[in-house]
Amino acid sequence: MVNSVRPSRADYYRVLADRLPTNALVVTALGNASYLWAAMHHTPQNFYVEDAMGLALPLALGLAIGQPARPVVVVEGDGAVLMHLGALVTVGAVGPRNLTVLLIQNGVHAASGGQALTNAALDLAQLARSAGIAHAENVTTPEAFASAMGSATTGDGPQVLVLATNPDVEVVRPPIALDPVLTKHRFMSAIGAPRYIPILFGGGGLERE
Amino acid sequence: MANPAAPSAEPHRPSAILATLKRLGFGVAVAVPDGWLGEILVRIEREPTMRLVRATHEEEALAIACGTRLGGLRTAMFVQNAGVLSMGAGMVSLAQRYQFPLLMMVSYRGTVEDPVFYHAPKGRVTEPVFKGFGLAYARTDRNRPIGPQIEEAATFAEEASCPFALLLSREDVQW
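First to last, the sequence lines map onto chains A and B.
Sequential numbering from 1 applies to the first sequence in my numbering.
Sequential numbering from 210 applies to the second sequence in my numbering.
The set of hints was computed from the structure by calculation and includes no laboratory data.
Where hints are given, some of them may not hold.
Stated by the list, open to error - Which residues of chain B face chain A? A partial, calculated answer using Cβ under 7 Å:
hint: 1; residue: 234
hint: 2; residue: 281
hint: 3; residue: 282
What the hints assert, rightly or not - Per the computed footprint, the stretches of chain B lying under chain A, defined by three or more beta-carbons under 8 Å from a beta-carbon of chain A, are:
hint: 4; segment: 257-263
hint: 5; segment: 268-274
hint: 6; segment: 296-303
hint: 7; segment: 307-321
As the list claims (entries may be wrong) - A few chain B residues that don't get close to chain A, going by computed Cβ distances all over 12 Å:
hint: 8; residue: 247
hint: 9; residue: 329
hint: 10; residue: 347
hint: 11; residue: 379
Here a beta-carbon is modelled for each residue, glycine too, at the ideal position from N, C-alpha and C.
Chain A with its partners taken away, still in its complex shape:
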């Protein structure tokens, strides 16, 4: 349940910025999940998802598969995860050891103005465990989050941390333009992802520069 004593998203983000391994990749969902993170900790290793509600988690799963040597952290909302609960099942089935899922549980659809969720009181950690993700816990303080993050990025995942948070419906102004194609190219360049090299009149392939 939502109450006024919950920490803010920024409280948790300060911990995340402090505890994040230098080689970690971060995927953030729409709205303040992306805007605030860009304001507090913008790096080329961030992939900001705008719109596409509920798809940050499965995208991060794919990224964790594609980049198995790097920790991947995804920030998803409770409303968003409810839209694609099946993604939790797929994460449980695939079992990527490098994936940490941070579920912001603020009890509302914050990105669209704070509308009520279908069910704001779900035990999302229990739901994640039922989906086959053994390491899943509810977190209610930044201190507990700091402790959990210490073990979350050691490659023993997947791990789900449900962060009890006050709703932040006031839209944060991001300090950078979140142009989607620029975001993608900046990210792929930062991680050294191979790029497509065309061959005139004959297709091509992915090659590292």
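Add chain B to chain A, keeping to what the hints say.
Okay, now just chain B, sitting in the frame of chain A:
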């Protein structure tokens, strides 16, 4: 069931699909199965150079595919056409907006060749909906080998930086 005594005029098309994907360096396939796709997915699962991810829903599969491509893996999807109908929001707001090149291998159910009557409504609207999405696509030509058609589709996806759907008949993809 193929008659082993009868000489085949053309290579087995599902085998050619798999061989082409391997040759082109596809490292991962993300899928939601249907009756035509079931066996080729099992074959992909056995391939040492490919990884199969079984998603619970086609829009989820699309996002996973965007993620694997973001991570540097050439990625194919295997879904039924009904699955593309149900992934519209993700198609336009994620795959197309971020310009992810994805090869979508789509079983084309509900054509006149499909014996399962309830697929007909999906078949009827598939191509108009693809056009509405702005999704680039082609139907396979049964008079041409399937391998070059896959390569053309994959090349288009990369060079246009967008998903490309190849609509597959039963003989193309059912093992």
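- [ ] Determine which of the earlier numbered hints do not hold for this structure and return their numbers in increasing order.
- [x] none
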